[in-house]
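2 protein chains.
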Amino acid sequence: MRALPPGSTIGILGGGQLGRMLASAAARLGFTCHIYSDATGPAFDVAAKTTIGEFTDLDAIRKFAGRVDVITYEFENVPLCAAAAAAEITPVRPDPKALEVAQDRLVEKRFLASLDLPVAPFAEVASLDDLTAGLQTIGTPAILKTTRLGYDGKGQVRIADAKDPAWALDAIAHAPAVLEGMIDFAYEVSVLAVRGADKQARFYDLPLNTHRDGILDTSTVPSPLPKARIAEADAIAGSIATALDYTGVLAVELFYLGDDTDTPFLVNEIAPRVHNSGHWTLDACAVCQFENHIRAVAGWPLGGTTRHSDAMMTNLIGHDVDAWADLAADDDGGPDTCLHLYGKHQARPGRKMGHITHLTDRKSS
Amino acid sequence: MRALPPGSTIGILGGGQLGRMLASAAARLGFTCHIYSDATGPAFDVAAKTTIGEFTDLDAIRKFAGRVDVITYEFENVPLCAAAAAAEITPVRPDPKALEVAQDRLVEKRFLASLDLPVAPFAEVASLDDLTAGLQTIGTPAILKTTRLGYDGKGQVRIADAKDPAWALDAIAHAPAVLEGMIDFAYEVSVLAVRGADKQARFYDLPLNTHRDGILDTSTVPSPLPKARIAEADAIAGSIATALDYTGVLAVELFYLGDDTDTPFLVNEIAPRVHNSGHWTLDACAVCQFENHIRAVAGWPLGGTTRHSDAMMTNLIGHDVDAWADLAADDDGGPDTCLHLYGKHQARPGRKMGHITHLTDRKSS
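So the sequence lines, in the order shown, correspond to chains V and B.
The opening position of the first sequence corresponds to residue 1 in the working numbering, with each subsequent residue numbered one higher.
The opening position of the second sequence corresponds to residue 1 in the working numbering, with each subsequent residue numbered one higher.
Looking at chain V on its own, in the form it has when it is part of the complex (with noise of 0.2 angstroms):
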């Protein structure tokens, strides 16, 4: 893979905040970015092209394809016949494999498991039966999920007993679905792998992750994993990234059982993209996740992944924004606090406004 110089065009698949922090991002080494989703976002205002468009609607996919020298995306739903199609003119990275994966949660949970890696227990659920049977095997509390398009906790329901369960499948309105073992974890970890053209990987600190409502509430660097269990953890998401032959930025979560079980981390989720717990990383240190993202898919050599501050991001959600006067002001950690806003313009109950990270021990000067 040669180096695409500066100048050149990176496109975006998806115009959200993630988006918008991958196009700050490769602005900073000089490339052009060109956005295509399937409405205006965050990312369009830093980014110096964009398109509108349906994300299956193939002839635009391909036009914008032959517009740009790289492909890469912000959200693991893009359409694989998107992917396929922008492919065939240029190419896209990460290999529209991990979208494959990443998109459905049996063929992901199937993925791990071919790796031999370890995963709460689950049963696939297409009927009643299927749901009867697998409450049975795994036992409860349960959590039902749609196999697709479910995420901050969305498309999920919890099972805390085995009598009558078709109420779960109508709270899920009988979508395919896979029914999983609840874990009586520590607590969740986050492995942000970045994976360069010539395969090699880093791994960026291992965030502490804490939810609000099933969506990401804080990620704490450094966690409080045992240091002999972070190259473990950084292992399981080197095999998932070869095994993918990934290009990027790679998220895996992981649920953190303690040293005293056979198997200390189990692989909750994979998000073949740059991600929330990584946020923490634009302002902790030289390089981000997003800097590293957009060095991958270019073809360049990876930043350093290491920090220079311990750091804490807490996200922005729904009207938690509606304080940004005060963040702002927030003389307490006044120095160490980076607001970041996504510049969105209505405050919904769930939807992620923002984050702010406070910067912590940090070299005093």
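Every clue listed holds true.
Pairs of lysine to aspartate or glutamate, EDC-like flavour, derived with a Cα cap of 20 angstroms:
1) V:K344 <-> V:D217
2) V:K344 <-> B:D69
3) V:K199 <-> B:D326
4) B:K344 <-> V:D69
5) B:K97 <-> B:E269
6) B:K199 <-> V:D326
7) B:K63 <-> B:D38
Label-pair ranges, simulated between beta-carbon atoms:
8) B:G7 <-> V:A133: 50 to 56 angstroms
9) B:K63 <-> V:Q346: 26 to 32 angstroms
10) V:H319 <-> B:K63: 31 to 37 angstroms
11) V:P222 <-> B:D262: 50 to 56 angstroms
12) B:D322 <-> V:K199: 26 to 32 angstroms
13) V:L115 <-> B:P222: 48 to 54 angstroms
14) B:M1 <-> V:A39: 33 to 39 angstroms
15) V:P79 <-> B:K63: 38 to 44 angstroms
16) B:Q346 <-> V:Q346: 37 to 43 angstroms
In short, the hints are calculated from the structure, not lab data.
All C-beta atoms, glycine included, are put in the ideal place defined by N, C-alpha and C.
Chain B: place on chain V using the hints.
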């Protein structure tokens, strides 16, 4: 001054790399940016809205002003008539009187002298008689500089010998000029001050600046300036900012003469804008000079100005940028190296194409 809420539009006069980095910083705070410039430039690639127009087309300037919530500028040679026309419609920050002072070396020196700030000996030169008299008073070597439009060593000539100085006037095309005594200084530092809507100023660490062919080459923090002198340098910039009732980032270049003189500092020049010698703040501070400038002009509370890392910024001038692949692969300083390219299409001698910041002495993790 009421703080402009996120979603407001920041108008920027000028489309160069400083406008580009301002626009990126503004976007990060949720603002929309509108660039006005006489030609496309680096800022156009990262701004939501752009207008191409002459700076002397006051109708176009007024129309632009009507579409934005505040106007700032990224270069000090904005015609005063343009700033005045814009200010009829919408606030212009910093106040245009800073332009008036900064775009004429003679006005600037008289302004500084009126504040009792130390400057190199100088004399107005409008004729050969003025020049001859000036050389007699000031002595040689001396520098003859055009009062206007000089930057990066342009529009100036060094006079070693007072005899027959007419050639020097020819060399600057007989433009109105100022003769300055050559100062034997230890080194140059710059104050990067930011003054908020509340009229309080904050100061970044002073970088040590070195030049190559009259163009800034490196800026390094910390500088070797004795600690006791820092407050003194900051106070110089603070008094200038107060006198101009300034809002935003103000850069003040100081010659440090050493501690064995009565006058440790001379003010070289001021720039009423973000400044090349502050680019290291992008990577070594939680809130960079660009964001703090935007915060100030938007009436927001200022962010912190402390740094988390020592840093050395090196400009990439002209064909320096051809080494982008090596710079990106800088394994030596790999994790610490922050590369910034401005997206300019053609590398010409003396043209600022990007910069690179090495973070040193970072917090180890």
